[in-house]
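Residue numbers (my numbering), protein chains in the order written: chain A, 13 to 570; chain B, 30 to 85; chain C, 353 to 599.
Derived from the structure by calculation, the hints contain no laboratory data. Computed from a prediction, not measured in an experiment: that's the story for all the values here. Check the hints yourself; a few may be wrong.
Not the full set, but computed from the structure, chain A residues with beta-carbon under 7 Å of chain B [claimed, not checked]:
id	residue
1	Ala45
2	Arg171
3	Arg173
4	Pro175
5	Leu178
6	Ala235
7	Lys238
8	His241
9	Tyr243
10	Val315
11	Ile321
12	Tyr324
13	Arg325
14	Ile329
15	Trp332
16	Phe336
Glycine included, every Cβ here is placed at the ideal spot set by N, Cα and C.
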Amino acid sequence: MRPFPTFSQAPMIAQLTRTERQNAILICLVIAACGFLLAAAGRDDPISIHGALIFVACALMIFRIGKDYYAPEPSDERFAHYYDDPSKAGIVLSMAWVVVGLAFGDWVAWQLVYPDLTFGGGWSSFGRIRPVHTTAVIFGFGGNALIATSLYVLQRTTRARLPDQLSPWFVLMGYNLFCLLAVTGYMLGITQSKEYAEPEWYADLWLVVVWVVYFLIYLRTLARRKEPHIYVANWYFMAFILVVAILHIVNNLAVPVSLGSAKSYSAFSGVQDAMTQWWYGHNAVAFFLTAGFLGMMYYFLPVVAGRPIFSYRLSIISFWGITFFYMWAGSHHLHYTALPQWVQTLGMTFSLMLLVPSWASAGNALLTLNGAWHKVRDDATLRFMMVAAVFYGLSTFEGSFMAIRSVNSLSHYTDWTVGHVHAGALGWVAMITFGSIYAVVPWLWKRTGMYSARMIEAHFWLALAGTVIYVFAMWNSGIIQGLMWRTYSDSGTLAYSFVDSLIAMRPYYIARAFGGLLFLIGGCIGAYNIWMTIREPREAEARAGDLPEPRLAAQPGE
Amino acid sequence: MNIEHDVLVGFSKSFGLFYLIALSVAVLIYACWPSNKQRFDRAAQSILDDRDRPWR
Amino acid sequence: MSIFGFHYQLERKAIGLVLGIVLVSSIGGLVEIAPLFTIHQTVEDAKDMRLYTPLELAGRNIYIREGCYACHSQMIRTLRDEVDRYGPYSLAVESKYDHPMLWGSKRTGPDLARIGEKYSDQWQVAHLINPRDVVPVSIMPAYDWLLSTDLRTDDLSAHLKAQRAVGVPYTDEMIANAALDAYGQANPDSPRAEGVTKRYGKATTVRPFDGLPGRLTEMDAMVAYLQVLGRLTDAARKPVAQAGAVQ
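Turn these sequences into a full structure, and let the hints steer you where they fit.
In structure tokens form, the structure reads like this:
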């Protein structure tokens, strides 16, 4: 296989068979028709803009396929290789989303310092672009990285090629259409208001279709595997796909106002809705942001370190622990609220027990590195993964701690929660993803290494510094906020007004926005480095296969 | 009517506990079963093996 | 591969894993959520509770659209300082018509569960146009365009119908008159105003919320919604009144 310099040269479509190209066009036509119907049905409603967007996206896709429609068909030689084109596209998309998502994140952070940092219109105000940030980083960056790496890992661990070449493209492109509908929707004012499940009913339905196909790819590939035993990384990916499907479907049950309206009303109300939402919200953290990325870790960390996972048994035990315990923990988001107390207590108890499988995973990762510390020192890629494991351990401890009712009475509603989330999101999710991407990019594009090792170093230190500044700022502001709200004066009245606490937050909000800026700069450097690795092929020695080559495994010594 | 809710809650609490214990035992047995050890070791090692293309 | 049975065995095993994950993971949610659907048997009920008027519902949808819930909670916890600061703690029944609930998770700004009628309409309008005119250190975004945007009312009947489909008891009459009631509630001098109190109860506030009678803007809807927060029922004020905690 020759190296593919850029996307625009599109060897990707030439890899599809003629039938697959025809089917791709057919699928695009069907979706375009749906988009057209939405646009027509909702003439006076923002949904028409989304209908038009779907239509245009499909039309562009059809043109793109049409351009290479008559390219010669791929030879049967392709069956001797894994099918990695969707993984490549997924990684590029993931890096594009992370730059966008971090930029929006830093923008909203600065808006809390300078509230008039908007463009005047509604689309750029805090309430609308905050979900753009969360969706772009969680679903855009995280989701694309998960799809890309899961397909890569799935093929290597089963030693089976993906069952066909069209369905992975459907999943990847369909998923990105969902993300695009989500973020543009918020700016247009289309939202369900359910945190991390904001997209409206039609986008939700579309995601269900995409997700079912994703799940079927997994099952069909597993059915063709060589080894009877399924490698544990796939267990985590499976849990991620399955449970996210369950959560997504249940939490998004809603009745649309009409088929021509973007608005829908949740099937649940009040206390049931709150419990369902946080059952979803907490388990989105568990199965999207934890299980999926643990799957990533259980493959890339051992391969890059060149050592098998410290304890395979422990990885299985913690898998079932995480799968079981997390589902109970959501109610710790509702301590001291109108939710019945027995549910709150259950949530707190399971949150504490959750520490066991979480630390088992973090410890397993760190013990795998034990004996390879010189590699961690020398290689920023592996260091990303190590720091990720440390932050995973830290934030799961913090999470269990904050789930204790008395701690939660102070921390809830404050910036401490925001700090906790970012310790997990920046420290764990983003770090393990960057590490895995830096590992897999040279393998996928058949390069000897990344374009610049020094840029990886720079990215690493910027990301680490940004995370630490961010998290410390939010710890401080959150705890001060919580204390100010509950402090009484000697005369038995509240000592501080809400505005007093707002003034006290300002320095921390500046520090937070600065930390976020560092993380964003790091992300941009990473994206540039990856882009240059793809674009400027150095004379790569022809590598026979497409095995992930542990780059440092060549060093003996250990 | 109150009884219905209480029954449901009571069932939730007791069933949850037994389910937790049963599941933990089952997982521990599976993970520590001696004959599974070889399979696990093989799996752990397998991702490092030099198998560079689909098996058929 | 040629042996079908071998292939089948492998496939079965993957499905076993799938079933295992589904079984193990779904229990926790079922156990915690299912009993909540019988909760009305044990918690307080509020017989006097009224529904959101079409104007208030439209305001609520603007509140959702602008993401207000990201910074303002609507859930006062059972903690002394919260009751002292915001008012009686929130009861489950108070959000029984909230599809979806807007309890929130973060207080970048203060809780709004009992903000209704705490400030005048003029204050709310001025604050929404530019928060810093009223609270100099505020970091809330300005929502000045609400005042210049006409409220969309042609689909309000459909909104009420969808609400009824998820369990809010709107009557046929309410659904049929939704758009006119929205207009009437913000125009006390119009002949439409009377129908609003007739359908939604005497306690319904009928006022020119945005100060511009004759014109129905998004500001009308937003302020109408803010002014009804915590006032759909008195249930929460009853038990706490003895504790001496007042707003």
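Against the structure, the hints:
no. : hint   : result
1   : Ala45  : 37 Å, violated
2   : Arg171 : 4 Å, holds
3   : Arg173 : 4 Å, holds
4   : Pro175 : 11 Å, violated
5   : Leu178 : 18 Å, violated
6   : Ala235 : 13 Å, violated
7   : Lys238 : 4 Å, holds
8   : His241 : 5 Å, holds
9   : Tyr243 : 5 Å, holds
10  : Val315 : 6 Å, holds
11  : Ile321 : 5 Å, holds
12  : Tyr324 : 4 Å, holds
13  : Arg325 : 5 Å, holds
14  : Ile329 : 5 Å, holds
15  : Trp332 : 4 Å, holds
16  : Phe336 : 6 Å, holds
Checked against the numbered hints given earlier, this structure breaks hints 1, 4, 5, 6; the rest are met.
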